[in-house]
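Letter by letter, the chains look like this.
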Amino acid sequence: MSEHQQGRPAGEEPPVGTSWRALYLVVLGALLAEIMLFFWFTATFR
Amino acid sequence: MTGLDWAILAASLALMVAVGALQTRRSSTLDGYLLAGRELRWVSITLSIMATQASAITFLSTPGQAYVDGMRFVQFYFGLPLAMVVLAAVAVPAYHRMRVRTAYEFLEQRLDVRTRALTAGLFLVQRGLAAGLTIFAPSLILSVTLGWDLYITNAVIGVLVVVYTTTGGTRAVSRTQNLQVFIIVLGMAAAFVVALRSLPPGVGFLDAVKVAGEAGRLNAIDLSFSLSDRYSLWSGLIGGFFLALAYFGTDQSQVQRYLAGSSVTESRLGLLANGLFKVPMQFGILFLGAMVFAFYQLTPPPLFFNPVESQRARDSALGQEFRAAEHRHYQASAAQGRHLEEWLTAQRDGDRETAAGAIAQARQAREEAAAARAEGIGLLAQASGSAPGTDTNYIFLGFVTTFLPAGLLGLVLAAVFAASMSSTAAELNALASTTVVDFYRRLIHPGANERTLVQVSRLATVFWGVVAVVFAEYANRLGSLVEAVNILGSLFYGTILGVFILAFLSPRVSGTAAFLAALAAESAVVACFLFTPLSFLWYNVVGCLGTVAAGFLLSPLLPGRSNGHGAIPAG
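As given, the protein sequences belong to chains B and Y, one line each in that order.
Numbering follows our numbering, in which position 26 of the first sequence is assigned residue number 26; successive positions increment by one, without gaps.
Numbering follows our numbering, in which position 559 of the second sequence is assigned residue number 559; successive positions increment by one, without gaps.
Fair warning: there could be bad hints in the mix.
Claimed, not checked - Covered by chain B, per the in silico footprint, the following chain Y stretches (three or more residues, Cβ under 8 Å):
1. 80-87
2. 278-292
What the hints assert, rightly or not - Some chain B residues judged to face chain Y by a derived CB distance under 7 Å, without partners named:
3. Phe-41
4. Thr-42
5. Phe-45
Hints listed in this document are in silico derivations from the structure and should not be mistaken for laboratory results.
The structure presented is a predicted model; accordingly, all values stated were derived computationally and were not measured.
Even for Gly, the Cβ is constructed at its ideal location relative to N, Cα and C.
Please build the complete structure, drawing on both the sequences and the hints.
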């Protein structure tokens, strides 16, 4: 079975560039939004 | 339990085993068996990562944690998304580029074989014992709450997991985890709906939220900074980040999940999706606990949620006093519920004066109930002749078994089994991979063919399954060992993370320098354990920073040979 058939093309390099950075920012932004939401939640139902 | 509950539980277990055992077809090569042919898509990777981390104890204990201490435990997970981003950017491309099968294989390609064997060995000791606890902990809670035999429950979980993990390998683990996550979500959703529907007539969802908030159980964010306080925003972001980095980046039971991805992109997306979903998932489980708390503010709870301990106290020489404490606790709890309902009604009517009076009376009754509970727990300790225990782990299952209707109880119990089996399967799978890839193929029988390697992998899975079940069977008799295993993990985790940080971030540090740095840091950790009162959670920091610092200090003295990427063929 070739490497390609096994699932991953040989010598594949990770895609780099702004699209990944944007995705990382989405994850970090979601965390920030969650912390702010939980802060509001804590303050509202104290 | 009714016949319907048993039927649902049995059908769920049979389905899980069948789905896993049917995955033997494409498991004839080592990559096929250990890495699912490196064909997994990101959705499967995410579900697999989440199912591996969330063991049964997560679903049994976390709601109880919210009940006792509020929702601030959610902050413990704030460092996880940060760690997912770092691992997606740094670790995933490195692991994929080197086409490693275990995280420790990477260390040989970057450093040397000694460092690889050291870290792989530490993983086997730590995770081998932890797998036993993954089985034991939910079995103990199920046996106490439902009266099941502890040893049989241990054996059933262990045997079912070994059957499908041995036959189908990583593909079986992943496929069953997809199904298990579905069952877990269904079970938790059912418990949530029942908690809300069981509230007294006229008390709605927002009322329950108000009750939980008034008692301080919706404290999701704590901005205070204290080194002795385990759960705050800062300890969650900083401590949680290092813990998640170590667990997801160096622990084979997690690394194997994303090594099975079909590409760097799929593995990265799998990790990042985990970073997106983990915090809301934990928030949901804690919120369920807060709702169970609200329910028990309006309906009197038992004085102590562990029924076996309570019965022992009733049957002891202190039985009369314990029953009196239970009675006072019930009376105070019932009064608290009445006053809280008055408070909610007055608030709805805009009657501030009545509301203020009602909440003051409710707080007074809550204090009386707490005093009766403290007295009762003191009597429990006297009756058992040991230190006062905690009933946090029994709260959620106690609620479920008392209030869930026929059928739904079976579903929730299936979810508990699913959670236990999903974590155990990933652990056995990772232990077998490390045994075969890092020791058998690398050091014992380098020329072994694929067929032999797959057979040895299956044998290793059975071996570690037997070790886990045997340890689970003995864990009950060796109570203090449970804490000892947690300390054992902290003794090694920091050092392993330090070695990986050197390997990833410092190309100039040689294998010899890293190996000696790890030994020096581990000695410092052991010295802290033996000669200082330092809390064991800090061993992780000492081990990690000690390894990194010693590695940099030794590097100029021991320049030696640092393996370039791929300089030594992968084991």
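Structure-based check of all given hints:
{"no.": "1", "hint": "80-87", "in the structure": "holds (count 4)"}
{"no.": "2", "hint": "278-292", "in the structure": "holds (count 3)"}
{"no.": "3", "hint": "Phe-41", "in the structure": "holds, 6 Å"}
{"no.": "4", "hint": "Thr-42", "in the structure": "holds, 5 Å"}
{"no.": "5", "hint": "Phe-45", "in the structure": "holds, 3 Å"}
Of the hints listed earlier, there is not a single one the structure fails to meet.
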